[in-house]
Amino acid sequence: MLLTAQRVVSPRSHARGVNVYRYVHGPYTWERVPNDFLPQGNPGELIAQWIQLSPGGNRVVSFLDVVAPDEIESVELQQRLASLKHRLQPSDGPTTAYWDPLWVCFGCAALPVPWATELGALAGHIVLRLSGARQQFVRSTP
Amino acid sequence: MTSQREGWPKRLRDIMDGRPVRWAGSSNLVGDYDGRERTLEVFNADAKDQRMLVRRLRPVRDDLELAAGGPVIVIFHTSAESARLYGDFVQSALFDEATDDTAVEYDLPDDVRPLALDVELKERDGAKSGTGSTELPRVAA
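From first to last, the protein sequence lines are chains A and B.
Residue numbers for the first sequence follow our numbering, beginning at 1 and rising by one.
Residue numbers for the second sequence follow our numbering, beginning at 1001 and rising by one.
Incorrect hints may have been included.
Simulated restraints, written as ranges between beta carbons of each label pair [unchecked claim]:
(1) A:R12 x B:R1055: 50 to 58 Å
(2) A:G93 x B:D1063: 35 to 43 Å
(3) A:Q40 x B:D1063: 43 to 51 Å
(4) B:G1031 x A:Q40: 51 to 59 Å
(5) A:I51 x B:R1056: 33 to 41 Å
(6) A:S131 x B:G1031: 35 to 43 Å
(7) B:D1014 x A:Q40: 31 to 39 Å
Selected chain A positions facing chain B (Cβ under 10 Å, derived; list incomplete) [to be verified]:
(8) T4
(9) Q6
(10) R7
(11) P11
(12) P43
(13) I47
(14) L53
(15) G56
(16) F63
(17) S74
(18) Q78
(19) K85
(20) V113
(21) E118
(22) G124
(23) S131
Keep in mind the hints are simulated off the structure, nothing from the lab.
Idealized CB from N, CA, C, for every residue including glycine.
Next up, chain A with everything else stripped away, as it sits in the complex (with noise of 0.2 Å):
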């Protein structure tokens, strides 16, 4: 599967917002992801989508994608979100990484707020997509 989250501007509104997308390859199993199944050549097929700002035009200003096997326990999964800020380590454009069955890529743009802290955002935008929560509460930049 693909998991992607996206955090979009309007070029006209200035609403911001945060998509996620889920998308499966099948029933795949691997230790290191195939080529293959890499989201440039193939995301696989959508099959949810949790869309905070419509789509069409928006700017992309960080994305995080994540590919692992469609049947990978939750649990692990939300672990390696979990911990995908502590591993990730910048770099010049997009930091891609192989992670064991995960394969990892984070754009972002030059934002106002640390580059692990947009990173764990958009992980959790996607734990939060997959579980089911909503958001609760707000916290401001230090």
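With chain A held as given, fit chain B onto it using these hints.
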């Protein structure tokens, strides 16, 4: 001392790549041993990762033991045992960790250069395979 002690699980969680950490409650411990009240539990710590996690503890161990009031005993729970025996706590802790940053609000400057533009997609129609979009939700700006 108590407040310092209570802050350590979150600090250690960050050191341990987001794994759930807590001070062991007396109800979770079997037997009596010196340092029982200074026992830390680390979850989703599989055998292949434990040596690395112990190394990460070393630089903070003195401060940790100062806050705890003495030598600290660390118990690692594997992922399988974490799910089998402590599923509710682990799920809750992971959810909190994963969603910690979602609540951060910040002002976005108007001149941020976009990475891409988003596009509208169609999700699969019920169970009808092949009816959902097969493109990414963004294209080059």
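Against the structure, the hints come out as follows:
no. : hint                         : verdict
1   : A:R12 x B:R1055: 50 to 58 Å  : holds, 52 Å
2   : A:G93 x B:D1063: 35 to 43 Å  : holds, 37 Å
3   : A:Q40 x B:D1063: 43 to 51 Å  : holds, 45 Å
4   : B:G1031 x A:Q40: 51 to 59 Å  : holds, 55 Å
5   : A:I51 x B:R1056: 33 to 41 Å  : holds, 39 Å
6   : A:S131 x B:G1031: 35 to 43 Å : holds, 36 Å
7   : B:D1014 x A:Q40: 31 to 39 Å  : holds, 32 Å
8   : T4                           : holds, 6 Å
9   : Q6                           : holds, 6 Å
10  : R7                           : holds, 9 Å
11  : P11                          : holds, 9 Å
12  : P43                          : holds, 5 Å
13  : I47                          : holds, 5 Å
14  : L53                          : holds, 8 Å
15  : G56                          : holds, 5 Å
16  : F63                          : holds, 7 Å
17  : S74                          : holds, 9 Å
18  : Q78                          : holds, 5 Å
19  : K85                          : holds, 7 Å
20  : V113                         : holds, 5 Å
21  : E118                         : holds, 8 Å
22  : G124                         : holds, 4 Å
23  : S131                         : holds, 7 Å
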